[in-house]
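*Asks:* Each chain, letter by letter, is given below.
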Amino acid sequence: MNSELEIIDALIDGQRVDADAIKHVLADPEGRAYLVDAWLLREAIQEAALHEGEPRASHATAQPAARSATPGRRWLVAAAIVGSLLGGYATGRITGQPASLTVTAPATTAVAQPSPAFPVPAATRVIQLEFHTATTTGGD
Amino acid sequence: MMFSSLFLTGVLLQASGGAVTPPAPAKPPADFVVLVAAPVYQPDGAITTETVALPQAGAGLVHLFARRSLCNPAVAGAAEPADALFGWRVASQIVTRSERDVVVSLDWRRLWEDGRRTSAGPGSTVQLTLHPGDRIPLDHITNFKPTQDCRAVGLGLEVRLAQSEMSAPARTAPLPEGATPGGAKPVDAELWFLHTLPSDIQQVVHQTVRLSTEGARFTFAPTAVTTARGEVSVELSGSIDRYRTPTGNEFLLLSLTRRVKGAGLPPEGVAGATSSVIPLPQPNEVLSFEMPGIGRARSGGAGGGGGGGTRAVGGAVASAGAGAGGRQAARPGDRGGVVLAGPAQVAAMLEGHQFSLRLRIVPVPTN
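Which chain is which? The protein sequence lines are A and B, in order.
Heads up: the first sequence begins at 1 in this note's numbering, then just goes up one per residue.
Heads up: the second sequence begins at 1 in this note's numbering, then just goes up one per residue.
Hints in this document: simulated from the structure, not taken from any laboratory.
Every value quoted in this text rests on a predicted model; they were computed, and no experiment measured them.
Positions of the beta carbon are idealized from the N, C-alpha and C atoms, including for glycine.
Warning: the hint list may mix true and false statements.
[Claimed, not checked] Output of the computed footprint for chain A on chain B, the stretches with three or more beta carbons under 8 Å from beta carbons of chain A:
(1) 48-62
(2) 179-193
(3) 239-246
(4) 264-274
[Claimed, not checked] Calculated pairs, SDA-like style, for lysine to any residue (alpha carbon to alpha carbon, straight line, at most 25 Å):
(5) B:185 to B:174
(6) A:23 to B:183
(7) B:185 to A:13
(8) B:185 to A:22
Please put together the full structure from these sequences, using the hints given.
*Replies:* As structure tokens, then:
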């Protein structure tokens, strides 16, 4: 990934960033586009997480008395939460191969098209190519 | 459910912790490109396909949609399009890559139907192990209201895996004197890969590639071609490198590699490469790079036409055993056996099929 764009990730992550550096990156249209993409991706992930939690939340609001009536159980739930987090962390650590979850700028970035792609525009200039035997690697 | 989510969160925290101290960049074991495609199927067999490449690693979010009618497929990045008639949101996560395949997790959902945003559209989360040439259909929207302008049968959503060449082909076109690498500012390259069948039916794949000041690489998913000797796949990949002369004029070096596989050809296929140097086109220009057969039985043949520094590269392609295409046909040490003239064989095989690449350079849209 373009190292200049990493500062945007840091900004979104709430880390301390150099103000001049972020101004410099955002002065570039590519930097601004990356900021929007990264922010929207984060929003989409958060939205998905919220949707997943919706039924449980409504269930909880329907029974507030039951929740407050059992403080000991809340400690149990809290302990389970911490245990799950630690268990997950440990599993991730042991199984290795950390998956990079940072939004990486693709080598080829999709962008909004200024004009429709179809129908295919007529060629204004034709160039004849001739292939020669390739010596590049590839294929299977 | 909640605890499994928390468990997963723990795993993710660990992984994101790894991202704070970035590991040494490792080269992907193979240059696979995962493409999401939205093909429009016409009743006569013509197909127009919009494609977008997913990020090579990590997470990605794109929208594929049709505007005005099913016949106008388009792509948007993470921002939702405002004018979608039908379309999908596709969130992706590359899980692993190997020499043989790519494992990708996809969360796709149909978000627009008949111009309305819907929360009840079909969708799913799938983890796919993709091999080169794979083409996995995810969804299909039937065109129930064909019109004179759009008689399409329907619009699909597919995932495809393409493999680009590991290294750029040798440059065969001369650069202007004194030209040095690097362009002025990023631009977008719109690319159309056209395949015209002997019946004159056309299949087109489009993609937009952001060119940095250095340039960019691109890959099209394999195109199936039915020949008299069976079905073959044609893979096109390439790169655009940018150069500037001391006087400030900008040039593009377009390098292309076309690989044909199947129908009795060597397992790695038969590859042909070419390149062309052109002045940076204006946004109202559309360049068509016409590709003849992959090789010639005799040297000579099509000359370099057009303008702008195009140079034909011919000769030395008929000798079997030269280069990748002929490796299986004639190995060092083979004596007197019958060898297959790979490139010539392919040229004959593809007779009647025409291929071309159209290119339009446009400014980067400002958000």
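*Asks:* Assess, step by step, whether the Cα of residue 23 of chain A is no farther than 25 Å from the Cα of residue 183 of chain B, and give holds or violated.
*Replies:* Cα-Cα ~23 Å, so holds.
*Asks:* Mind taking a look at whether chain A covers the region 239-246 of chain B? Criterion is 3 or more residues with CB to CB distance under 8 Å.
*Replies:* violated (count 0)
*Asks:* Count the residues of the region 179-193 of chain B whose Cβ falls closer than 8 Å to any Cβ of chain A, and tell me whether that reaches three.
*Replies:* Since three or more residues must qualify, the claim that chain A covers the region 179-193 of chain B holds, with 4 doing so at under 8 Å.
*Asks:* Quickly compare the C-alpha distance for residue 185 of chain B and residue 174 of chain B to 25 Å and report which way the hint goes.
*Replies:* With Cα atoms ~23 Å apart, residue 185 of chain B and residue 174 of chain B stay inside 25 Å; holds.
*Asks:* Are three or more residues of the region 264-274 of chain B within 8 Å, CB to CB, of chain A?
*Replies:* Result for this restraint: holds, n = 7.
*Asks:* Below or equal to 25 Å on CA atoms is what counts here, so check residue 185 of chain B against residue 22 of chain A.
*Replies:* holds, 19 Å
*Asks:* Would the hint linking residue 185 of chain B and residue 13 of chain A be met if the CA-CA limit is 25 Å?
*Replies:* Violated - the C-alpha atoms of residue 13 of chain A and residue 185 of chain B are around 29 Å apart, more than 25 Å.
*Asks:* Three residues minimum, CB to CB under 8 Å: does the region 48-62 of chain B make the cut for coverage by chain A? Let me know.
*Replies:* Result for this restraint: holds, n = 13.
Against the hints set out earlier in the document, violations occur for numbers 3 and 7.
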